[in-house]
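Participant: First residue of the sequence shown: 1, per my numbering; consecutive thereafter.
Just so you know, these hints were derived from the structure itself, not from any lab. Only a predicted model underlies this, so the values are computations on that prediction, with no experimental measurement involved. It is possible that part of the hints are untrue.
[Claimed, not checked] Pairs of lysine-lysine residues, derived as DSSO-like cross-links and limited to a Cα-Cα distance of at most 27 Å, are as follows:
no., residue 1, residue 2
1, 116, 136
2, 40, 116
3, 116, 102
4, 40, 107
5, 102, 58
6, 102, 114
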Amino acid sequence: MTASDLVLHFAFPTNTNADLRTVNIHQTIEGSDQPVELYKFYHPNTGVNTGVTSIQRKNMDTQLWENAGQIEWSSNTSGAVYFGVERISIRELRRQKKPSSKSRRFKAGSSEYKWKIAENGTDLICVSDNLTNRGKTIALWTQETLILRVAERAEGFLDRVVVTCFLHLWFRRLNIW
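Construct the entire structure; sequences and hints are all you get.
Facilitator: Structure below.
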């Protein structure tokens with residue numbers, strides 16, 4: 001990862017009754033004292049395994065919040081993610097290549113990427129799985145600091161990287177990989 005990476009800090013609610021599908025994500029900008037709010041995930045149905053998690057992204061040009069999508073949960077582990085009008089099942093955003101696979105794959109455009117658990121057992125790494133860029137890291141989740149670093153080249157599909165990371169964190173809380 002490089003200095004030009006996007007550095008995103010996940011701020012989960014401190015209220016013990018809050019649903020962990022609610023999170024604010026702030027971007028740390030080099031040279032600035034104040035992090036900038038970039039995403040808001042909000043799940044109003046605390047304690048209920050169904051419902052809708054709304055995803056908002058701040059437009060940096062207008063400083064207005066825009067709908068980036070939503071997650072419609074049919075259970076704690078299944079449902080659908082909407083990126084605008086595109087509907088993708090959670091299963092498809094966490095696809096295994098083989099039953100024994102330790103990675104989880106997703107597509108962005110015609111390219112495929114995969115998340116895998118880092119050697120320390122807590123962090124997550126997202127790498128490209130395309131012939132020309134196979135194995136190149138595009139994102140790194142650090143559990144200790146709750147920071148997601150995203151390579152600049154992934155900005156075009158940042159919503160997918162952030163949402164798939166969010167889903168994997170949710171599943172890890174449920175002791176599911």
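Participant: Could you run down the list of hints and mark each one as holding or not?
Facilitator: Checked hints:
1. 116 - 136: holds, 13 Å
2. 40 - 116: holds, 24 Å
3. 116 - 102: holds, 6 Å
4. 40 - 107: Satisfied, since the Cα-Cα distance of roughly 23 Å is no more than 27 Å.
5. 102 - 58: Judged against 27 Å, a Cα distance of about 33 Å means the pair is violated.
6. 102 - 114: holds, 10 Å
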